[in-house]
Each structure stands twice: as structure tokens, then as C-alpha cells.
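Trainee: Could you slot chain B onto chain A? The hints should help.
Number of protein chains: 2
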Amino acid sequence: MTQLESALKGIVTPEMSAVAADEGHTPEDIRRLVAQGVVVIPANVNHKGLKPRGIGAGLTIKVNANIGTSYDRVNVDEEMDKLQVAVEAGADAFMDLSTGGDIADVRRRLLAASDLPMGTVPIYQAVIEVVQKHGGIVNLTADHLFDVIERQAEEGVDFVTVHCGVTQETLKRLKNQGRETDIVSRGGAFLTTWMLYHKKENPLYEQYDRLLDIARKYDLTLSLGDGLRPGCIADATDRAQVQELIFLGELSDAARQAGVQVMIEGPGHVPLNQIETNIQLEKKLCGGAPFYVLGPLVTDVASGYDHIACAIGGTLAGLAGADFLCYVTPAEHLKLPSVQDVRDGVIASKIAAHAADVARGHPQALARDLAMARARKRLDWDEQIRLSVDPINAAACRRESYPEEEDVCTMCGPYCAIKLVKEYFGEKK
Amino acid sequence: MTQLESALKGIVTPEMSAVAADEGHTPEDIRRLVAQGVVVIPANVNHKGLKPRGIGAGLTIKVNANIGTSYDRVNVDEEMDKLQVAVEAGADAFMDLSTGGDIADVRRRLLAASDLPMGTVPIYQAVIEVVQKHGGIVNLTADHLFDVIERQAEEGVDFVTVHCGVTQETLKRLKNQGRETDIVSRGGAFLTTWMLYHKKENPLYEQYDRLLDIARKYDLTLSLGDGLRPGCIADATDRAQVQELIFLGELSDAARQAGVQVMIEGPGHVPLNQIETNIQLEKKLCGGAPFYVLGPLVTDVASGYDHIACAIGGTLAGLAGADFLCYVTPAEHLKLPSVQDVRDGVIASKIAAHAADVARGHPQALARDLAMARARKRLDWDEQIRLSVDPINAAACRRESYPEEEDVCTMCGPYCAIKLVKEYFGEKK
Chain A
115 MTQLESALKG IVTPEMSAVA ADEGHTPEDI RRLVAQGVVV IPANVNHKGL KPRGIGAGLT
175 IKVNANIGTS YDRVNVDEEM DKLQVAVEAG ADAFMDLSTG GDIADVRRRL LAASDLPMGT
235 VPIYQAVIEV VQKHGGIVNL TADHLFDVIE RQAEEGVDFV TVHCGVTQET LKRLKNQGRE
295 TDIVSRGGAF LTTWMLYHKK ENPLYEQYDR LLDIARKYDL TLSLGDGLRP GCIADATDRA
355 QVQELIFLGE LSDAARQAGV QVMIEGPGHV PLNQIETNIQ LEKKLCGGAP FYVLGPLVTD
415 VASGYDHIAC AIGGTLAGLA GADFLCYVTP AEHLKLPSVQ DVRDGVIASK IAAHAADVAR
475 GHPQALARDL AMARARKRLD WDEQIRLSVD PINAAACRRE SYPEEEDVCT MCGPYCAIKL
535 VKEYFGEKK
Chain B
115 MTQLESALKG IVTPEMSAVA ADEGHTPEDI RRLVAQGVVV IPANVNHKGL KPRGIGAGLT
175 IKVNANIGTS YDRVNVDEEM DKLQVAVEAG ADAFMDLSTG GDIADVRRRL LAASDLPMGT
235 VPIYQAVIEV VQKHGGIVNL TADHLFDVIE RQAEEGVDFV TVHCGVTQET LKRLKNQGRE
295 TDIVSRGGAF LTTWMLYHKK ENPLYEQYDR LLDIARKYDL TLSLGDGLRP GCIADATDRA
355 QVQELIFLGE LSDAARQAGV QVMIEGPGHV PLNQIETNIQ LEKKLCGGAP FYVLGPLVTD
415 VASGYDHIAC AIGGTLAGLA GADFLCYVTP AEHLKLPSVQ DVRDGVIASK IAAHAADVAR
475 GHPQALARDL AMARARKRLD WDEQIRLSVD PINAAACRRE SYPEEEDVCT MCGPYCAIKL
535 VKEYFGEKK
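Top line first, the protein sequences correspond to chains A and B.
Quick note, our numbering runs 114 ahead of the 1-based positions in the first sequence.
Quick note, our numbering runs 114 ahead of the 1-based positions in the second sequence.
Here chain A stands alone, though its shape is the one from the complex (with noise of 0.2 Å):
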């Protein structure tokens, strides 16, 4: 049984169990937010030595890292230090998107390697075996294209990013309308060359009953991806990307009665003053299934600091009821990220996350910034450290700078506000 059969039926699973205890809800909670579609955990069947982790309403928001070898880069040890460095930096999950080298071998590396939820976009090895035996993606055959999202779904993998919504008349509507940056999304790219070559429909959302009898199967979590999420700030929310989110509705209505567990992914480029529309759209085209966001990026010229614009964009969509963010590197638009952009990307959005659920007013989160605000107060540096969001970052900032009064930092240094009013204030009443 999935997780969300076992919760309609009433029963608590171990893994819902462990959910309830990393956030602080009973077990019934949390059987109930499965049963209703609106949380998910995403723990194939034979995923050996998972941690499960809950993505969802009233829970805490989750942060994803994208991983994984491209055709230019092909280095599987340095595919294995991002994974160790996305975990220390405290990734909920990730994704495997390699499209260069043994796909098959690093996936099964990767999904060994940690007790994070592992996703793939199964799209990429089977278009890659295409192109490598047949010499064209328009060789793809459905057959071949299900044969791959099975043997992933065996192998362990959580959850699978399936451009369910690209449809012939999904991309009537991006053709009426015209767009800047067209297609950003690889898969989106792929099923759309494929369907507008042989002039037919996307087999996912053709048989998408085969999909839901593999995910069934192995409790594989479908992530209905949003191929046509807008590229550029002046594609956001426009006709095709609405277009596609409606078909991911009803198609996250057929996932949750078939007891498969599903989420939906989101765009992409938007900007600061639409984000909060996009997040209420999904929540209700999709009956409130949990919402996986890919930044949103607020501006399309940060290359090289996308990070930073994801953050921006992560933190107001988590406002706004967002559960799961992706994270964006600096790297993304420019190259394959390395070691310290994944670093960099996870902790930029681990900020996110975070504020989001101080903003929230998450118990868990609102405790931590308090006891951060009082270790400020009492000038307890130790304290200070740990409890940042990255500590071996804040302990090596106040090691290269250390003041004359050690009580202090080097910004203030006897001048302190802090130290200075000390006297005249207690402890808040």
C-alpha cells in the first residue's frame, strides 16, 4: 500500500510516524494531512535505508538540491561530494538530473549514499538512450519512455518528475499566444519536440493510467512537472503556463484516486508581485496538493547570484503557502554547479525556507531565532555559531576578525550597542 491508501484507510505508518516526530504533530495529524492529499512522503518501497521526510501544509518547508553529471561535465566522485555537501548544509531531499556518463550507475550511487528522498526526471535516461542508439529524441517510443520510469521505480526512487501537462492543446495556447523564452524546461523540451514531430499527444498524459500503476506500485510520489514554466519575467503566469497547471490539476485528482501520492511543480521567472497569485492558482486549480517551486527567480539578469534571486523569490512563495523549495545556484544559466555553488545554492535556500517559516510563525523556527536573539544579547558567541545557519562559516568569520574585548566583535568593538545599554535594561518581562 502507498502511503496515502494506508491513510485513507486509517492506518499510521512508520514513516508518518517519523514525520510527526521531526515536526512536532502526532501521528494522526499527519495520517490526516496524507489522507487529504496535501502532504506527501515520498518513501518508495524499496528505497533501503531512507529517512522519511513530510512535504506539506503544517509542516516545515522542505529545500531540494539538483545534482547530477551533464554531457560537458561527466565527474561521478565530484557528483558524490555535492551530495555530502547538500546534506551538510541540510537538503531535505534531491535530485539525480544527470544526462551525462553511466546514468543508470550514479543514480544508484547517489540513492546509496544518503537517507534523503531521492528524485529523477526519468525522461533524461530514456531520451539519452534514445539519442545514443537511434541518434534523434523524436525516436522516443512510450513503451521504452515507461520501460525507464519502471526500472527507476524499482531501483528506490522517491519521486519522479513527469511532464504529465505538456499537451497539444497546452502548446495551442503557447502558439496563440507567443512567448519570449518559449520552452526553459529540458523534459518540457523533449516531449515537445517528440509530439510536435509526429503530430501526437504526449503519452504521459495519454496513459497516464500506466503511470499511475508503476507509482501505485513502488509508492513512487509523482512531481507533475510544469514544462512550460515561463523562462523570463515577461512569460510569467501567462495562458500556456495557466493552461498547464489546470491539466495538472485534474491530473493530481486522478493521481491522489488512484491512492498515488503526487505534488506539483512550479515556475520558474517570476516576479516579486506575482508570486503570491501563482501560489493561491496552484493551491486551488490542484486541491491544495503540496506546491514544489523552482525558485521562483524575481529578476532574469542575477546570473551568477541566482542563488539570491531564488531565495528572494523562495521566501515570499513560502509565505504565501509554497512547501518545497528547489534550490538555484549561482551557476544556473552559466554552467554545471560545482562543489561550492550546491553549498552556496543549499544554504541560500535553507534562508529561505527558513524565513518563510519564522514569517509562518513556525513554533520550531521562532524558537530558534529567539534563542538567537538572546545568546545576541547575552554576547554568547558559542551559542551565536551554533545556531547559525551555517556554523562553520560563522565560527570562520569571527576566528579572521577577532577583537581586543573579546565579549564584542570587531564591527563595534567597545562601542557595542549592545553592551552599552546592558546596564540600564533587565530581561524582557
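Be aware that a few hints might be false.
One copy or any two copies: either way a pair holds, since identical chains are not told apart in the list.
As the list claims (entries may be wrong) - List of simulated lysine to any residue pairs, SDA-like, C-alpha gap at most 25 Å: (1) 533 x 454; (2) 397 x 387; (3) 533 x 481; (4) 533 x 351; (5) 398 x 387; (6) 247 x 532; (7) 286 x 537; (8) 313 x 242; (9) 123 x 522; (10) 314 x 195; (11) 313 x 534; (12) 314 x 242; (13) 286 x 538; (14) 314 x 260.
No lab work stands behind these hints, which were simulated from the structure alone.
Quick caveat: nothing in here was measured; it's all calculated off a predicted structure.
Mentor: Only chain B this time, still in chain A's reference frame:
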């Protein structure tokens, strides 16, 4: 005559014309906005070589970089380097917050080294002179403080932070309420120490007319400081903060009546869900005076990455109507910033300012993002690098990871989505 006095008499100054040209407005528009007190042009009559910048309603959001020596770190060359990188990274103004070494000498060298408007916090120099000569902050006199302000004004300083709203009444509100981190503003802490020791009113409040006389003489813009800004999330938007803001509203009225340009400084640590409220309060209580915000920082635990917490808060503040963002560097809460910290801080705040301009629909900001989107569609890498927030860094990223096919990047290589679907979709209709 000050810019405000000229504007009220219907005179368009060269400074107004310069701002108009930069911002795509007519000179008469700028005159009207200055006359209304919703735009300031900090431009001391004695500041030679200044390129005036406008701050306020209808203009692009500006970014300030704080630099300067501290008790523990006095290296004037390093401060000159910080100014240089701040200018290169796009800062629109800077403040010299030096508290170490020969403060007056550092200030004069910094003032001469760029065409940016420069701000200071004169009470720093006054207190440090008193501490050095007389051994304690409590020996500060009102005459000495006003003397320092006048000396700095005469030298050409364009704007000064003056904590005029730290009154006995404000401190009573603070004491009655209690707080987690009391006072975290250095200027606020100096004045509070003096006021509580002497049981006297703040001279900057009691003798505000004296301040206005100096400001009018040199067209020194007053930046009414928030001495009681919240130092942690738990203290945000509390009675002490709002009480001070009410006083600042009254004082901003008085300044404008005296022909003195004025802006208001704001918090501090504020959770994302309270930022819009803070901006609306300032605009309402202070008659639309330009709002100069420090951060706001949306969490207390981002030590080492406070430039990101600042960019998150600054973007939402900008969307809600903030006019002037004071950067926060990664070093905040830990140490005096290095040259690299200053660079990282300015860039993060420039991203915030630009993203907020995009969200506010500013034509120049939208045009830049659109140009980037089109460069991406064309796979035009030179133009993408030129348009990014930090072209030097973007070019370095690309150089260090070069793809086999030179029209793509190493993230996707030949599987580049834009390249794949290019043939199927034309230019936007």
C-alpha cells in the same frame, strides 16, 4: 537655498535636471516630487564633484553601502578599496561609519574619492572624541555634538543619520514593554546611555531647531535614525519602535517646514509578514518621506549570509514602497566587513533593488530583464554577460566551464531546451 526651498519656489535646479535625466522623468516632475517631500536629492552645497542621485517616490530604488574603520580595525587603504568596489558594484551612495583611527581624515579622503553622495553618523565622532579626551560617553555635551555636525556639514557631507526620535518618552515605552535585544543601534545606544545617566532629554530632539539651521545652511539632508530599531525578529514592530516612528513623523514635518530635506530610517530585523505593514506605517506617519531601510533582515540566524537575509527583506520592502536600501554584508553580526564582503553586500542589495523595481513595473528595470530574456533566446552569451548584475563574475563562471558546443552551457550541453525548441516557435508576436 536647499533643493527643497528651490522646489517650493518653482525653481528647477541643475541637480533636479540631472536626476530627471537619469530616471527618465522631466525636470518639472522631479521638482514637484522634491517640493512634496517625497523625493530627496542629498547634495551638500560644499560637496564638489558630486553626481546627484534622487531617492524617493517614482524613482528607481537606490542602494547604500556602509564602510569605515572600527576600534579593532583601522586600515584607511582598505576602506578606500571598499569604496572602490562599492562604486564598481553599483552602489548609489555610501556612509562612512568610521569609529577607529583619525576619523576626520578617513572621512575627507573618502569624500574626495568618488562622485557618490556620502552620509555619516556624526555622533560617532563626537562620542569618540569625548571618550578619548574625557573618558566616558556621559561627558558628551550638546554643544560638542552640534559642533561636530556643523564641522561635517561644512566639509560637504550630504546626509547624516541623527537619532532625534530617541526621547525620554520613547525610552519609557521601551522600559514599560521590555524587549529581547533592547537597543542595537550604536547612535541610539550612545544617546540612551547619556539620557538615562543625566536624566535629560535628547539634545537632538530638544534642540532640533539648531540641527535644522545647520542642515538648511549646507543643504544637509537629515536621515532621521531609528535608534530603537528591532534587533531581532521577536522585537519587530513593537511599541518602542512605533513610538519612535511617530516622533520621526512629527520631526519630518518640522524639517520640511524649515526647508530641510528629510528621509526616515527603518528596521532592522523584521519577519517577512510584517514588512508591508512597516512600510505603510512609515509612509503614513511620516507624510510620504523617503524610507531608508536597513535590511530588513527576515531571520536572526543568517550570520555569515546576512546579505541574503537582507536582500530577501529589501526586495519585499521595495515592492511595498521603500526607496533606499542600506546593504547588509555577510559579515554583519560577526565582524567588520572585508573588501569582498562589501562587494557581495552591494551586489545582493542591487539584486533586491532591481527585483523590486521589476515588481513595481519600472520601465527601465523591465526593459533590462526583457533584453536578458531575448539574449538567452538568441543564445547570445556576450550580451547575457553584459546584462548580468556582475559581468565580471558571470564571464568568469562561463570561462571556467566551457561547453563542447559553444552556443550552449555545461548545464544542459546539447540538451539545451531553448536550442531544442527554437525551430518550432518563432519570435513573440
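Trainee: Give a verdict on every hint.
Mentor: Comparing the hints with the structure gives:
no., hint, verdict
1, 533 x 454, "neither (36 Å within a copy, 28 Å between copies)"
2, 397 x 387, "both (17 Å within a copy, 19 Å between copies)"
3, 533 x 481, "within (23 Å within a copy, 48 Å between copies)"
4, 533 x 351, "between (50 Å within a copy, 23 Å between copies)"
5, 398 x 387, "both (19 Å within a copy, 22 Å between copies)"
6, 247 x 532, "between (68 Å within a copy, 23 Å between copies)"
7, 286 x 537, "between (70 Å within a copy, 16 Å between copies)"
8, 313 x 242, "within (21 Å within a copy, 77 Å between copies)"
9, 123 x 522, "neither (58 Å within a copy, 50 Å between copies)"
10, 314 x 195, "neither (41 Å within a copy, 61 Å between copies)"
11, 313 x 534, "between (74 Å within a copy, 17 Å between copies)"
12, 314 x 242, "within (21 Å within a copy, 77 Å between copies)"
13, 286 x 538, "between (69 Å within a copy, 12 Å between copies)"
14, 314 x 260, "within (17 Å within a copy, 79 Å between copies)"
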